[in-house]
Amino acid sequence: MDRTQWLLTESQLREWVRSLLDAGNSVVAPVEEDGVLLFRPLTSEERAILAPSGKTRWSPKEFLFPRSEPLYRYTLDGGEVEIENPPAPQRPQVLFGVRSCDAGGLLRLDEIFLSGTKDPLYAARRESTTVVSMACAAADPECFCTAVGGSPVGEEGSDLQLVPLEEGWLLRVLTEKGEALFGDVDERWQDAPAAIAKEVEKLERRVAGQIERSPVKQEWSKTLEDGFEHEAWDRLAQHCLGCSVCAYVCPSCSCFDMNHEANAWCGEQCRSWDACTFAIFTHHASGHNPRSTHQERYRQRVLHKFAFKAEDDEPFRCVGCGRCVALCPAGLDIVDTVTAAVAAIREEGADAAR
Amino acid sequence: MPLAEAFPIPNPYQPSLMRIDDFFDETSDVRTLRLRFVDGDEEREFSGWEPGQFGQFTVFGAGESVFALANQPWRPNGNSEDTPIIECTFRAIGKVTHALRDMSEGQVIGFRGPYGNHFPIDDWLGKDLVFIGGGIGMAALRSALLDVIDRKQEFGDVVILNGARSVADMVYTEEMPRWQDVDGVRVVRTVDPGGETEDWDGEVGLLPNVFEGLNLEPDGRIVVACGPPIMLHYLFLSLGKTGYSPEQVVTTLENKMKCGIGHCGRCYVGPFSVCRDGPVVTWAELNELPKDY
Chain F
0 MDRTQWLLTE
10 SQLREWVRSL
20 LDAGNSVVAP
30 VEEDGVLLFR
40 PLTSEERAIL
50 APSGKTRWSP
60 KEFLFPRSEP
70 LYRYTLDGGE
80 VEIENPPAPQ
90 RPQVLFGVRS
100 CDAGGLLRLD
110 EIFLSGTKDP
120 LYAARRESTT
130 VVSMACAAAD
140 PECFCTAVGG
150 SPVGEEGSDL
160 QLVPLEEGWL
170 LRVLTEKGEA
180 LFGDVDERWQ
190 DAPAAIAKEV
200 EKLERRVAGQ
210 IERSPVKQEW
220 SKTLEDGFEH
230 EAWDRLAQHC
240 LGCSVCAYVC
250 PSCSCFDMNH
260 EANAWCGEQC
270 RSWDACTFAI
280 FTHHASGHNP
290 RSTHQERYRQ
300 RVLHKFAFKA
310 EDDEPFRCVG
320 CGRCVALCPA
330 GLDIVDTVTA
340 AVAAIREEGA
350 DAAR
Chain E
0 MPLAEAFPIP
10 NPYQPSLMRI
20 DDFFDETSDV
30 RTLRLRFVDG
40 DEEREFSGWE
50 PGQFGQFTVF
60 GAGESVFALA
70 NQPWRPNGNS
80 EDTPIIECTF
90 RAIGKVTHAL
100 RDMSEGQVIG
110 FRGPYGNHFP
120 IDDWLGKDLV
130 FIGGGIGMAA
140 LRSALLDVID
150 RKQEFGDVVI
160 LNGARSVADM
170 VYTEEMPRWQ
180 DVDGVRVVRT
190 VDPGGETEDW
200 DGEVGLLPNV
210 FEGLNLEPDG
220 RIVVACGPPI
230 MLHYLFLSLG
240 KTGYSPEQVV
250 TTLENKMKCG
260 IGHCGRCYVG
270 PFSVCRDGPV
280 VTWAELNELP
290 KDY
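Sequence order for the protein chains is F and E.
With numbering that gives the first Met the number 0 applied, the first sequence covers 0 to 353.
With numbering that gives the first Met the number 0 applied, the second sequence covers 0 to 292.
Incorrect hints may appear among the rest.
As the list claims (entries may be wrong) - Sample of chain E residues lacking proximity to chain F, with all beta carbon distances greater than 10 Å (derived):
(1) Asp182
(2) Gly193
(3) Gly201
(4) Pro217
(5) Ser237
Unchecked claim - Ranges of calculated distance between the beta carbons of each label pair, as one might list FRET restraints:
(6) E:Ser79 to F:Ala263: 34 to 42 Å
(7) E:Glu287 to F:Asp312: 16 to 24 Å
(8) F:Glu218 to E:Arg74: 35 to 43 Å
(9) E:Asp182 to F:Pro65: 54 to 62 Å
(10) F:Ala263 to E:Val37: 14 to 22 Å
(11) F:Arg13 to E:Gln106: 52 to 60 Å
(12) E:Gly93 to F:Pro65: 23 to 31 Å
(13) E:Arg164 to F:Glu228: 25 to 33 Å
Just so you know, the hints here were simulated from the structure itself, not pulled from any lab data.
Quick caveat: nothing in here was measured; it's all calculated off a predicted structure.
Built from N, CA and C at the ideal position, the CB exists for glycine as well.
For reference, chain F alone in the conformation it holds in the complex (with noise of 0.2 Å):
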């Protein structure tokens, strides 16, 4: 597909937001509550933030995959049961403004619920999503996209993205669903220069220069399935709380539990999202918890987003928003936790090797 870009200014920005709604859409956009940062259903174009200083405090996922939905529901009259459904998405939904981190995040969750057995509810939201990505203007100190693959003006997941310049928003088209998004709204806007190209690339050098982490390597993921039994764990999850708060905020992290909520009379098959660092998630009937302590169970989150990958060259399941490490009320960092595993490992390697 030839690729399609515009320059536009604030108000053709606020103005295709409006047709969006008009249109019929449900936008989920940054706007501000309360000082936070939350991406939201809009009411109205003006309250999306376009140039956001950091990143929404939860990632977008939950548009996709609500922290709480029924899978289905039921009726229960006299010793007879009745299921239904529950109801499929009323309207299309573009989601606007996501990082790019964010957008790759959304790539995971697809890799989950859109493989094998497919998920309907997951599947019928995703059908009717378009993804306009926002690259970012400026990296928080948590960010580190870079070390894990990624880059503040990446692509990957989005269907549109818009490029925050000093000569206004670059939006430029990227999948076919992105360019069904247009009405006519687009007629009075200006086509990008080719030159434009340079001015990205600068973005891109300036806001990953900002980021001062080093990467992690990808046959680190073999090193860490090898060390999975190394006594660095112990020390290294000592400090985990078991909160979950890290999986709660990731955008990649897909984890749920299923639970009936019911009266006498009707019920529903509830999901919500769960992560493996709480004691319970493995724990089962008879007792036995395979990850009875908190260092396996971080051991587990760290392993799950960095190795066990199906093949070597498989991308990371961290996107490195960095939410995690912002959040984390014991001040855990996932990249040093990497980091110093992987180099305890090699040093007890290298010690056998003497």
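For this one, chain F is given, so just place chain E on it according to the hints.
Showing chain E alone in chain F's frame:
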């Protein structure tokens, strides 16, 4: 943009309805249920089933529990049936299983599945087999066991080693004589030391020790074992000591599961999703996985 149709693909979480046809109390807290589909369409969908697979069983209002399919649904009595019957054996131990045990004949529960891989029974043709079940672990073996007994002439000698903590905890006691009656099948029952009664006529000893005492040469023999993690740990030590290779030993991984389709993330052992890639694994495959089960 057109919206996705309400449910363009079937909802895998929605269970089929099954009625409790009959039940049998194996022990004071272990029950076997016999279930029939309420709706004829669902029976047809259930055609693809293999021994070793499991299902999610729903008590509406309480939740779901995972049990192995403990029988051959299309040959519930060794005779072909027009409609499948599913049997499952469970211990009342948590919220759902207690609620399930409080139910009686005629009541409706949910079933979804079958899920997971299955025992590679076709690879066992002509070979001598040993089934080793510890406690309720026998339930996971029963489907394969019944299939093998049903087609006994296609296999070599079969030894069934059924172990329990005590005489009162032993499952499938009513039907073991029927298994024993088949030519070339030998049933050995054992209880842990201290679990015997005065009139107990089986073995007394831990399963791995009793297995060693049987002196079954490893030569080409397949061992199919299921039981609590601690039993399997010592059983594998015994198998190694007596010359069995990890490729000859088949077991099932029993992890906490919720979704059954590889999505919820609960049953992972390293990269291995027990519900999707398992539950049946060889000891050799188990050795490749991190010790996280």
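Consistency of the hints with the structure:
1. No beta-carbon of chain F is positioned within 10 Å of the beta-carbon of E:Asp182; the least distance is around 37 Å.
2. Every beta carbon of chain F lies more than 10 Å from that of E:Gly193, the smallest distance being close to 20 Å; the non-interface claim holds.
3. For E:Gly201, the condition that its CB be more than 10 Å from all CB atoms of chain F holds, with the nearest at approximately 24 Å.
4. Distance check on E:Pro217: its Cβ is at least 28 Å (rounded) from any Cβ of chain F, clearing the 10 Å threshold; non-interface status holds.
5. The claim that E:Ser237 lies off the interface holds: its Cβ sits roughly 21 Å from the closest Cβ of chain F, which is beyond the 10 Å cut-off.
6. Judged by the Cβ atoms, the range 34 to 42 Å given for E:Ser79 and F:Ala263 holds: they are separated by roughly 41 Å.
7. For E:Glu287 paired with F:Asp312, a C-beta distance near 20 Å keeps the hint of 16 to 24 Å intact.
8. As the Cβ distance of F:Glu218 to E:Arg74 is approximately 52 Å, the hint placing it in 35 to 43 Å is violated.
9. Between E:Asp182 and F:Pro65 the Cβ separation comes to about 59 Å, which falls inside the hinted range of 54 to 62 Å.
10. Evaluation of the 14 to 22 Å hint for F:Ala263 and E:Val37 yields a pass: the beta carbon distance comes to about 21 Å.
11. In this structure, F:Arg13 and E:Gln106 meet the distance hint of 52 to 60 Å, their C-beta atoms being roughly 59 Å apart.
12. In this structure the hint that E:Gly93 and F:Pro65 lie 23 to 31 Å apart at CB holds, the actual value being about 27 Å.
13. For E:Arg164 and F:Glu228, the Cβ-Cβ distance of about 30 Å falls inside the hinted range of 25 to 33 Å, so the restraint holds.
In this structure, only the earlier hint numbered 8 is contradicted, and the remaining ones agree with it.
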